[in-house]
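There are 2 protein chains.
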Amino acid sequence: MNNFQSEAAEWFKTLQDSICKAIEGADGKAKFEEELWERPGGGGGRTRVIRHGDVIAKGGVNFSAVHGEPPQKMLEVLKLDKANFFASGVSIVLHPQSPMVPIIHMNVRYFEMSNGVYWFGGGIDLTPHYVVDADARYFHEQLKAVCDKHHADYYPKFKTWADDYFYLPHRQETRGIGGIFFDHLKENETQSKTDIWNFVKDVGSIFADTYTHLMQKNKNLPYNDAHTAWQNVRRSRYVEFNLIYDKGTKFGLDTDGRTESILMSMPPVAEWHYNYAPERGTPEAETIAKLKKEVDWISI
Amino acid sequence: MNNFQSEAAEWFKTLQDSICKAIEGADGKAKFEEELWERPGGGGGRTRVIRHGDVIAKGGVNFSAVHGEPPQKMLEVLKLDKANFFASGVSIVLHPQSPMVPIIHMNVRYFEMSNGVYWFGGGIDLTPHYVVDADARYFHEQLKAVCDKHHADYYPKFKTWADDYFYLPHRQETRGIGGIFFDHLKENETQSKTDIWNFVKDVGSIFADTYTHLMQKNKNLPYNDAHTAWQNVRRSRYVEFNLIYDKGTKFGLDTDGRTESILMSMPPVAEWHYNYAPERGTPEAETIAKLKKEVDWISI
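Note that the protein sequences, when read in sequence, are chains A and B.
Terminal number for the first sequence in the numbering used here: 300, no gaps in between.
Terminal number for the second sequence in the numbering used here: 600, no gaps in between.
Accuracy of the hints is not assured; some may be wrong.
[What the hints assert, rightly or not] In the DSBU-like style, the derived pairs of lysine-lysine whose C-alpha atoms are separated by at most 30 Å in a straight line are:
(1) B/590 with A/292
(2) A/73 with B/379
(3) A/79 with B/547
(4) B/592 with B/313
(5) B/379 with B/486
(6) B/593 with A/250
(7) B/313 with A/73
(8) B/593 with A/247
(9) A/250 with B/592
(10) B/547 with A/250
(11) B/493 with A/247
(12) A/82 with B/379
(13) B/550 with A/293
(14) B/592 with A/79
(15) A/21 with A/201
(16) B/592 with A/247
(17) A/250 with B/379
(18) B/590 with A/250
(19) B/313 with A/290
(20) A/250 with B/373
To be clear, the hints were calculated from the coordinates, so they are not data collected in a lab.
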């Protein structure tokens, strides 16, 4: 690892530590279990999984720093015959027990090729089983604030990118209420590598407060079996997104990443009902109606 | 549709009818619900779904005959600028209620491009939640008999192809006990188009007897919640295969097929447990140990 690679990996580890601590505090019961793993081709990671909590049913807060030969397809895209890559980041998916608490995902990462080409990527998005406007507004306000601190274009651009990325074309639905997504960020005329790194660090740093607020606010709301059945239908859409479209999952599987660490994003349970559609006027139908691109959640 | 396209589509419809009748008879309770659909780009299908049966929990026996412009990627592979395709076939996945009854899949199909290039494809594979050697042997014997009737090379070749195709590299597991898989079959030095079409029809025709035998044999075996929990873990692997690797699912989604017809292959429920592994010496561990390529099921 070169100097910056070490710095990035160390910072991501620290981020993993602080997020795990905050989630454990907000859950009140479950503790993360840690597994260290090594990747046969180079590098490894620190998988931390939480389950059977008072709030979190199943989830992971994973750190990894891997290196080696990139998948053949990536070499073709980059028009390189041979190269080595380095990739490090933190990847999070948390599936709550209660259908009233939203699923959350975050990923922040740094990628570098042996020819010096590098980029940052990342994103945070929220997947409520029931869309609550006030929560969606709160969530997007946090993201807008961290974006605006770094560049006026970031929030509108990365919000649109999230709408497009976290989308299931075969369902014509967004995965949830979106968030921000960015990739291939590197130094440019107005921003240095350090500027972008600072942005990525700030995105990572707001995660814990933002999500624990939503955990605390919603964890004691009452729910019944019908709400849970709906939750399991929404979870199946999460499975579909992650296995069909998610680039991180694909990259992980293509690079022989550790399967259980990659697929920690799967919910504990999912249900598929043929041709399922909620009845008009129900909260479930209202949620479906809101799973659209281009919703201005801050002004809703 | 040209003459052969009409003949193929008609035969596939008849096959769908006879299979649905046989499955309803063996289930004894549930009836198929039918939905006719049209594809915006051309053609359509007849989806038939069965659920909440005495034996079958959820499944579909689908016919489709679609045509239009192929996906861009396919044009690139075929080195064509512009073309039309025709595709027709029957596609089946049946998820039983009892963990003692295996999941089954079959697909038989005919594909033709407007430049006259055509091929047949298909396959049958069995996914027992618990591998039973006698059932696996019976299943492979049926497939070998139908293959041997047409060509001595078919069974060994198509059995190996199924081992390679119905495989989850990230789990290092086969989906089940395999079966046969073939694609891009067309006339050659020793076989006419009619010869191959007769083989494909024979494959389709053995489905009903083969599977209803396994339904009847296993449907009354006792099972408990622990067996069902294991079934739901195996179902999650089925989900992973179909959403990550299955070419039919991918082709369907890429060509704007009807989502609910394509994803009728999803089980009713699936469970993911982090780092799950059955205890040594249990029937679950024995099943995992048998989910390997190159098992000679006929001599087992």
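Violating hint indices (sorted, rising): When the structure is compared with the hints, numbers 1, 4, 7, 11, 14, 19 turn out to be violated.
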